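Quick note, the sequences are listed as chains D and P, same order. 1 is the number of the first residue of the first sequence in our numbering; add one for each residue after it. 498 is the number of the first residue of the second sequence in our numbering; add one for each residue after it.
Each hint should be verified, as a subset may be incorrect.
[Said to hold, decoys possible] To give an idea of the chain D side of the interface with chain P (calculated C-beta under 8 angstroms), a few residues:
#  : residue
1  : N204
2  : L208
3  : P209
4  : V210
5  : G211
6  : A213
7  : Y214
8  : R216
9  : Q217
10 : L221
11 : R347
12 : S349
13 : G375
14 : S444
[Claimed, not checked] What follows is a list of derived Cβ distance ranges for each label pair:
#  : chain 1 : residue 1 : chain 2 : residue 2 : range
15 : P       : E832      : D       : G428      : 46 to 54 angstroms
16 : P       : K818      : D       : T184      : 45 to 53 angstroms
17 : D       : S450      : P       : K738      : 53 to 61 angstroms
18 : P       : K818      : D       : S413      : 26 to 34 angstroms
Since the hints were derived computationally from the structure, they do not count as laboratory data. None of the values given here were measured: they were computed from a predicted structure. All residues carry an ideal CB built from backbone N, CA and C; glycine is no exception.
Read off the chains here:
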Amino acid sequence: MPSSDDDSQDGDTAARSGGAAPISPDPAKTSPGFSWRFGEWISDMFRPNPRVGTISTAGRKWRLAVDWVLARLRTTPGLLRVLSVALIALLAVMAVVDFRVGSARKNASDAVGLQSEPLLVRAQSIYSALAHADATATNTFLAGGLESIDQRQGYLADLRSASHELSVATREIGDSDAAARAATLMSRDLPLYTGSVEAARANNRQNLPVGAAYLRQASTLMQQELLPGADRLYEVEARRLEHEYLSAGSGSDVEAVVVVMLAALALLVATQLFLVRRTKRIFNVPLVAASVLVVLLSASLVASFLVEQHRLEAARHPASDLVGALSRARVLALRAESDDSLALVARGSGDQYRADFDATVQKLGGRSGMSGSLGAATTLTGSSDTSDVVAEARKGYRDYLDVHGRIIQLQDSGDSGQFDEAVARATGTSDGDELPTLTRFDKSLLKGISQSEAQFRSDANGARNVLRVLAIAIPILAIACGALVLYGLQIRINEYR
Amino acid sequence: MMRPRSTIVAVAAITMAASVAAACSTAHDRAAPDHLGGRSAAPAAATTTTTPTADCGDATASLRPQAPLPSPNQMPGGTYMRTIQERGSLVVGVDQNTLQLAARDPVDGQIKGFEIDLARQIAKAIFGDENRVELKAVSSAQRLPFVQDQTVDLAIDAVTVNCERLQCGNCNDRTPPFDEPVAFSTIYYDASQRVLVPTDSTATQLQDLAGKKVCATKGTTSIEFIRQYPSRPPLVPYPVKVRSDCLVALQERKVDAISGDDTILAGFRRQDPYTKIIGPPLEPEPYGMAINQDHPEFVRFVNGVLETVRADGTWSAVYSKWLGPFFDSVAPPPEPHYRD
Chain D
1 MPSSDDDSQD
11 GDTAARSGGA
21 APISPDPAKT
31 SPGFSWRFGE
41 WISDMFRPNP
51 RVGTISTAGR
61 KWRLAVDWVL
71 ARLRTTPGLL
81 RVLSVALIAL
91 LAVMAVVDFR
101 VGSARKNASD
111 AVGLQSEPLL
121 VRAQSIYSAL
131 AHADATATNT
141 FLAGGLESID
151 QRQGYLADLR
161 SASHELSVAT
171 REIGDSDAAA
181 RAATLMSRDL
191 PLYTGSVEAA
201 RANNRQNLPV
211 GAAYLRQAST
221 LMQQELLPGA
231 DRLYEVEARR
241 LEHEYLSAGS
251 GSDVEAVVVV
261 MLAALALLVA
271 TQLFLVRRTK
281 RIFNVPLVAA
291 SVLVVLLSAS
301 LVASFLVEQH
311 RLEAARHPAS
321 DLVGALSRAR
331 VLALRAESDD
341 SLALVARGSG
351 DQYRADFDAT
361 VQKLGGRSGM
371 SGSLGAATTL
381 TGSSDTSDVV
391 AEARKGYRDY
401 LDVHGRIIQL
411 QDSGDSGQFD
421 EAVARATGTS
431 DGDELPTLTR
441 FDKSLLKGIS
451 QSEAQFRSDA
461 NGARNVLRVL
471 AIAIPILAIA
481 CGALVLYGLQ
491 IRINEYR
Chain P
498 MMRPRSTIVA
508 VAAITMAASV
518 AAACSTAHDR
528 AAPDHLGGRS
538 AAPAAATTTT
548 TPTADCGDAT
558 ASLRPQAPLP
568 SPNQMPGGTY
578 MRTIQERGSL
588 VVGVDQNTLQ
598 LAARDPVDGQ
608 IKGFEIDLAR
618 QIAKAIFGDE
628 NRVELKAVSS
638 AQRLPFVQDQ
648 TVDLAIDAVT
658 VNCERLQCGN
668 CNDRTPPFDE
678 PVAFSTIYYD
688 ASQRVLVPTD
698 STATQLQDLA
708 GKKVCATKGT
718 TSIEFIRQYP
728 SRPPLVPYPV
738 KVRSDCLVAL
748 QERKVDAISG
758 DDTILAGFRR
768 QDPYTKIIGP
778 PLEPEPYGMA
788 INQDHPEFVR
798 FVNGVLETVR
808 ADGTWSAVYS
818 KWLGPFFDSV
828 APPPEPHYRD
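Using the sequences and the hints given, assemble the complete structure.
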C-alpha cells in the first residue's frame, strides 16, 4: 500500500524526531481539526510513564515503532491506512484458516473415499479370494484326482487376485503397524499354502494318499494363519475408516470458520461506521461488497461442510455398511461350503465340520435368510435398488440350504452308494447340485456388493467434489475481498490529498 | 564302548515298563509314578519285573466262535448281528490314509486296502453282500471312543491289541463310556513297530536318532514307545493327528524319522522312494478288530468269519494283494488264540 510521510496533515513531528526522550504530546495540540477519541485513548494507553528512567535498546525500537503508528493514528488518512493493513491481514488470516480447514476436510474425505474404503474393499476381496480358493481346493480333492477345468481356473484366478490385492494392499497400508504385520505374515504364508496344495495335487494324481495330508496341511494353514490374517487386515482397515469418517465429519472446524468470519466482519463494520462518522457518507460500496463476500464465503464453507457430511453419511450408511454385510455373507458362505466339503472328505468323522457349518449358517442368515449378515443386508437396503438383489441372494441361500440338507441326508443314510451320491451332489456341475447353487448365491452377493460399492463411490465422490470447489473458491473470494477493501479505503484516503 | 550295551538293557527295561504302563489295571495306577520318573532308571525295570501281566494274561486271546456261522441274512434274533442286519449295513471305522491297509483312492474316491477287504468279508457273512458296508473314516484318537459309544460296529484300523485297551480302552480318559474296556477279535495281522528315515540319513537304528525328532501318530502305542525310549538325549516325539501327516513332516524335513507299524511304513515307502526302514523290529503290534464289550456274540461271530477267511485262502489272497509285495510274498495267517 502506498505510504509516504508527505501526505500527513498533522503538524506534530515529535514522533519523527524520535530519540530516547519520551514524548509527552499535549492531547489538545494533536491533529488540528481532528480529534478522534479512540485514537487518543489508544495513544494514551501507549504513552510511557515518564518516571521510568531507563529503557533497553529493544524497548526503544519497540517504542519507536509504536510512536510511529500512534502518529499515523492521529491523522484520518493514516488511520485509514492502518485500518486497511489490519483488514487485509485479517482477511488473509481468514483465507488461510478457511483454506486449511477445507483442505483438512478434503484430505479426510479423500482418505475415506480414495484410501481407506478401497483398502477395506481390498481386505475383503483378499479374504474372499483366499476362502474361495480353499473351498475349491477341498472340493476338487473330494471330486477325485482330475479336477474340472472351471475349478482349476477358478482356483488359479482366486490365487492371482489374492496375491495381487495383497501386494497392492501392502503398498497402500501406510503407517498402520498391525495391518503391515498381518500383510507381511500373509505374504509369507501364501506361497507355503500354494506349495502344499500343489504337492497335494501332484500326489493325488499319482494315486498317493499322502496328497490328502498335504491338502490338510494347506487347509490348516489357510484356516489358522491366512484367513485370520486377512481378517486382522480387515479389522484394522475398518477401524481406520471409522476414525476417518469421524474426522471428516467433525463439527469443531466449523467453529474456527465462524470465529474468523465474525472477526473480519466486525472490523469491516467498525471501519464503515468510522467512515460514516468521519466522511458523512452512508455507504462505502466496495466495503459493503467485501462484507457481503466474507459472509458469503463463510456461509458457503459451512454449507458445503454440511453437504459433505451428509454425503459421507450416506456413503457410510447404508452403502459402506451394505458392502460390509454382503461381503461378510460371502465369506461365511464360502466357509460353509468348505465345511461341507471337509465333512465329506472326513467321511463320517467330520462332526466338527458339521457343527461349524451350522454355526456359520446361523451367522450367515439363519433358516430363512432373514437373520445374520443377510438379515442385516436386508434391513440396510430398505427399498433401494439393491433390495431386489438381496432378495435374490436370500433365495439363493435357501436353495443352497436345501441342497445341503439333501447331501446330509444321503451322507447319513448309512449306505456306501448313497455316500457316493452325496459326493456327486456336492461336486457335480448340473443344475440341482451344490456347487452351481452356491455359485448362483455367490453371484447375487457379488452383484449386491458391486452395486453398493458404486453407490458408495458416487456418494463419496460427491462429498469430495463439494470440497474441491472450495479449494478454488476460497483464495479467489479472499483476494476479491482484499481488493475491495483496499479500493474502498483508498477512495477515502485520496480525498485527503 | 559300553554305551550301546547299556542302552539295549535300558530298552528292554522300558519295553517292559511300557507294557505295564499299557496294562491299566489298578496295578498300573500304582506303578504310574515310577514309569513317569523312571524313563531310564533301573527301579522302573525292577517294578516291572515284579508286576506280572497276569491280570491280563494273553491279551491277544479272544472269544471262541460258535460254529457253525449263521447263514447270511438269517442272524439269530436278539443278537447284535441281527441289529446290523436290520439296519442294512455294517458300520466300520477305518483309516483312509494308509496305503495298503486302508486308503482312499483319489481317482474313484473309494477307500481300499487289506483292512477294507477284511471288513467286506464280515459284511458278506452278515448280508451275503460284501458291499453292505459303511466305512467311516476315523483318526487314531477317535477309533476306540467310536467303538465305546457305538458310533461304529467295529474298528479295523491297525489297532494294536494290548492289556490297556482290553481293560479300559484309553486309560487316560475316565468319562463314561470312554472308560469301558474294549473287546477285540482274534489277531488278523502281526505287525511290528519299525523306524523309517530318508535315504540320506546315517542312522541305522533308533538309538542313533537320540535327540532327534521322531514322528508318530497321537493315540497309538508307537508314540508312547517314542516318549519312553531311553536314549540320551531323549528322542523328541512329534505327534500328529493323522498317520500320513508324518510322511508330510518327513518330506518337508521337519522330522528326522517316523516310527510306526511296518505295515504303515510300507505304505509310506511306496509313496516315497527316498525312504528306508532301519533297525530291528521294536515292538510286536498284533492287530485285532475292536468291538464294543457289550456284544460278546458279535466278537464270536467276527472270530468265526476270521476262521473261515483263514481256512479258505481268502486271507492269503488279500494278503498277497496288499501286503505281500512289501513283506514275505506268502505268509501264513496269524494263529488265533482263545481264552475259553
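Right, here's what the structure says about each hint:
no.	hint	verdict
1	N204	4 angstroms, holds
2	L208	4 angstroms, holds
3	P209	4 angstroms, holds
4	V210	5 angstroms, holds
5	G211	6 angstroms, holds
6	A213	4 angstroms, holds
7	Y214	6 angstroms, holds
8	R216	7 angstroms, holds
9	Q217	6 angstroms, holds
10	L221	12 angstroms, violated
11	R347	4 angstroms, holds
12	S349	5 angstroms, holds
13	G375	36 angstroms, violated
14	S444	31 angstroms, violated
15	P:E832 to D:G428: 46 to 54 angstroms	49 angstroms, holds
16	P:K818 to D:T184: 45 to 53 angstroms	51 angstroms, holds
17	D:S450 to P:K738: 53 to 61 angstroms	41 angstroms, violated
18	P:K818 to D:S413: 26 to 34 angstroms	30 angstroms, holds
Figure legend: structure checked against the earlier numbered hints; hints not met, in rising order: 10, 13, 14, 17.
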